[in-house]
Amino acid sequence: MAYTELTVWTRGIIMDKEGRDIVNSIAASARNEGKFAQAMENYVDNPDRTNCPTRKYCRVSDSEIENALTYENENPNIVVLVEQTMVKGWDYMRGMPPGGTLVINTQYTPDYMLRFVPKPERLAQLVCVDAAKLADHKWLYYRLGELGLDRLSTEGAAERSKAVAPDIAAPLIAAVVKTTGIVKMETIEPMIANKAAFKAALSELHIMPLNPVTA
Amino acid sequence: MATEVAKKKKTVRINGCVASAQAAKYADVDVIAAYPIRPYTATMMALAQMVANGELDAEYIVADSEHSQLSIAHGASSCGARVFTGSSGVGVQFAYELYSPISGSRMPVQMMIADRTLDPPGDFGSEHTEALSTRDMGWLMGWSCDAQEAFDNHLMAFRIGEDPRVLLPQMVCQDGFFVSHITTDCDLPDPGQVKEFLPPYKHPYPLDPRRPVSHGPQIMPEQGPPLQLERARAMEGAVPVIEEIHDDFARIFGRRYNPWLEEYMTDDAEVVFFLQGAHGVTARHAIRHMRARGAKVGMVRMRTIRPYPTEQVAASLSKFKVVGVIETNMGLGSVSSGGSLYAEAVAALYEVPQRPLVFSFMAGMGGEAIVLKEFYWMTNKMIEAQKRGKIEKRTHWVGFEE
Amino acid sequence: MSTKGTHIPEWLKVPFAGITPAPTQKGQDLFPTGNWRSIRPVYRDKMPPCNNACGTNEKIQGYLDLVKRGKYLDAYALIKEDMPFPSVTGRVCYHPCEQACNRGTYDEAISIRAVERFLGDLGQALPKDVVKPGKPNGKKVVVVGSGPAGHSAAYQLARLGYAVTILEKSPKAGGLNRGGIPDWVLPQDVLDREIERLVELGITIKTNTEVGKDVSWDELRKSYDAVILAVGLINPNSIRAEGEDKSGVHYGLPFLRDIGMGTSNVKLGPRVAVVGGGNTAIDCAREAYRQGAQEVTMITVEGTTSEMPCVPEDLHDMVEEGVELKHGLACTAVLGNGQVEALQLHPAKFSGAINASPITINKDAKPERFAVDNVIIAVGQHGALKWLPDEFKNDKGGIKADRFGRLGTTNVFAAGDVVQVGQGQPLMVVNAVGDGKRTAFNVDKVLRGEPLQERMVAIDVITDLARMNMTYFPKFPRVQQLMLAPASRRKTQDEVIQAFSEEQAIEEANRCFSCGTCNACDNCYLVCPEPCIIRYDRSNGLYKILVDYCKGCRVCIEECPTGCLEGVPELDFDTGVVRMDTAFAITQGLHGRQAEELRNLPDRPAKDIG
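Residue numbers (the numbering used here), protein chains in the order written: chain A, 13 to 227; chain B, 185 to 586; chain C, 15 to 624.
Next comes chain A alone, as it looks inside the complex:
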């Protein structure tokens, strides 16, 4: 695709790192492939609060990104929901051009999730991946006390580890890359810390094709 916008919706504090990892790794891979790429967080969603919805953005383009200095992805081609309940919460596909992709981290099937998706005619595919199970996710995300203290900060201030995608972001990145081809597998895989979950996700995706876009 010549110009692609990717928006990740995630929950503040406890899953904020996942969102950042997804957009940063995809942008970095795109740069490594010689494309133009930009990654940033939504400015007004931060500083994030626990469970608050926050957005991360990524833009990938073959030519220079001339709308770089704008605040939001107005027309996201790919939307990722890091936490499944957000499917009920917003019109996250607002502005999506036809032929878009929606990726959700959930244990439910696309059949079940579809009822919550507003105006799914915008979508070409709905992808569900049980990222929490694939990453062998130990903590329930409202048991804050069980999280490592280095995750409990806003905008990642207290993070010690520099690892990219050590947890549930890895299967989500695999899902995005596999179903959209926004970057190449071989470029992004070396960056991912949780390679096992990344690989496992590739065969555990539930993809529901919806409204294809005629070329």
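These are calculated hints, taken from the structure and not from any lab test. Take these hints with a grain of salt, some might be off.
[Stated by the list, open to error] Below, a sample of chain A positions facing chain B; criterion: calculated Cβ distance under 7 Å:
id	residue
1	A51
2	M52
3	Y55
4	E78
5	L81
6	T82
7	P221
8	P224
No experiment lies behind these values; they were computed from the predicted model shown. All C-beta atoms in this analysis are idealised placements derived from N, C-alpha and C, irrespective of residue type, glycine included.
Model the placement of chains B and C on the given structure of chain A, informed by the hints.
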């Protein structure tokens, strides 16, 4: 003060705030005075991580407020420490009392400013008003338009400000969000290069029990004039130093910046945008597209505003027929009823025999992005003025006029 | 003037100086943060263990809650829905509710029976009862037996509008309440008042009327639309000992019954033995002291006191009164010359499960000769059912009824001990009451052609303290009822256990956790950090959670003392979708359009650039 830093050059993807923090790390600052205010907070967090990880050996002091922050900076610098601090928006103004004492006592404190609109109400978006409101306080001041430039400007500012011929504090400014929070590629140097470029900080009269001195005593009014004259001399004396150090930077790091102005497609331009900061990035795209449609438009981006490059601005702007000053700041009640940049541009051009038409655009207020359509509209206004031979009015409000 | 000619478009208009109306103003909405949550708090009442354990499923948690708030009449009326005589059970019940009370694993169980007695006595003092007979439906039902099961069945049927007749073979009504429970537990006048209440409901009681003698089985079925047999287990079991027919040998239930009916002419000698280890045996042992005995010994097959099928506190009271215990023995012969002089005791034990298998007697061991003047044998009862067709008798000495209490496909039902004997449930007044109630409802259903219902099993009985929040319950000891001094008890038939005062009843009711059931404590309302919980009507504990705002912080769930609030994954609901537009920029698409324009720019004709 030796620290563990990376041993080779590398390219990283970081945002402007982290770039500023990296610059402070490469400059091996001694004292960091911090107080959180968004968007500068990201720099504060990055520095905290570096100090906690042992990457940077510095005293990290979280102050009670911005006023306290700058007081700490003043004190630390007076003892001979290389100090790094920063703020945004109303925080910059809260510390106002300290700006004149710091520059007047010739303490080369470095302050990173990530711009933010002043209250009311609460708005994180970028306007330059807060830093510009301190422009007469005697600090060196200039704007970067991306993370790389921010990093480079910080390093150069240490060298310039600490130069024994200058000894002035520096405000290295960048637009909040557009520069501070968007990640782009940034080449980080080899520490050896930085070592070559930046000698240690040495103040001639630090507070030292072994050689006691008094800083900032009480004076009589008659001692005022010479002291102020000295301050003015210092600011003027910075001009050749700035040029010299930009040359040295280019020699060592391979990146050459014009210290005062970036000119973009100005060779045969008839109308130009005169601006500072991140909107120059979008301006370049807009200019290319308009040129493809036949408009003779260019951009002059001011990199340093203090000391004001009067001669350079006069020499540059006098080449054009129309100058549109893009004001991303509020100068309420100013001579143009608009922003603060217009008046100084016009004053710089006053002595020039062939003066261009000069007027201003209020754009990007509150941190709103300036979209291409608006650049087209502004260009049209300049072309119309050129055809008419005179300006319509001194200030246009972009997006709110026909 | 720079602002001359400027115009702010409608969609970008802002209020004066950015000053917005307060959230409480009309037309101003609070920012809907409902989409922050991933779990939703839901009020789901669970079954409290007391209600569940009660033989007639009284709403114990409910009435304790009402007593806490001083609403005694409401509490009394609540008991009366399921239990006709709280002043009786408040004295005699073996309180399975207290055994099940969760507070028992925390400090001490709530003294529920004593509170029920307080309420029952209050109800007895009312000139008119709170319960009224139902609108007459023209149908007639006969209840055979006026004991707990019959009393309860007749009571419920009268409330449903049936014309009820009770046939009681004894001279006074009351069944086991009269004739099996001593006066120092249940005074006669308390029971009389309850029988009066039945008559006030329009029930006809015919005493001295025995089925099989005064009325036949066929007449019963012909004269009434339905029959409930609550005949109890009248005939005492024998221990099959040689010489059991000597004089001076008495049987437990008849002994107590005759005293209760006022027809006893038993005179006890100084040394009395009681054979048996159950509740009846204990009552007999204690009654023996009041009837003149000096030394009373209880002889049980059970090897230890813990094996005895009785209420521990009654055993304790018995021992306090001076009864001795001999364990692991069976009486194999009654010795004496026409009159009992001694018992022959052999070591014995249960061949299998305690109290549920035949006794094996070690005939080879040397027997003990135990001198007594009287012996009271209390080893259980069986029914007097000669008049009942054999197809409806079971092999345990009781009536065979199906799981609805019905005899075959007839309109005859049976309830109480006579059905429950040998089924594994302990035989208790409250179980009989519950059985009578459920059978009455099934009679009503069969007469209206509706499907019958068996006893429902509760789905979620809350017994784990970890599901509640104990922080809110400081430990308090159980309020004790005063009792007569053991030494003085033998001299009188006065009630041994004293009643609660009003203060004591409230104090004890206040210890109730209200397990799993919302009782409007307002904790959730107070701790919610958002304005998310609304109180409708405080007295019945209704709250509403505003799903548009609830962030799912779980504070209410964690702080609910009773554990009735649960966190349910939000995706389990297809309601409560909160689509919030305010997260997006006002100038939607403006910046995106410029990207589009970039791509189209070279194709547009070169004219004015704007």
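Hint by hint, here is what the structure shows:
1. A51: With Cβ-Cβ at 5 Å, under 7 Å, it holds.
2. M52: Interface hint status for M52 (chain A): holds (5 Å vs cutoff 7 Å).
3. Y55: Holds, about 5 Å.
4. E78: Result: holds, 4 Å to nearest chain B Cβ.
5. L81: holds (5 Å)
6. T82: Status holds, d = 5 Å.
7. P221: Violated - the Cβ of P221 (chain A) stays beyond 7 Å from chain B, reaching only about 34 Å at its closest.
8. P224: violated (32 Å)
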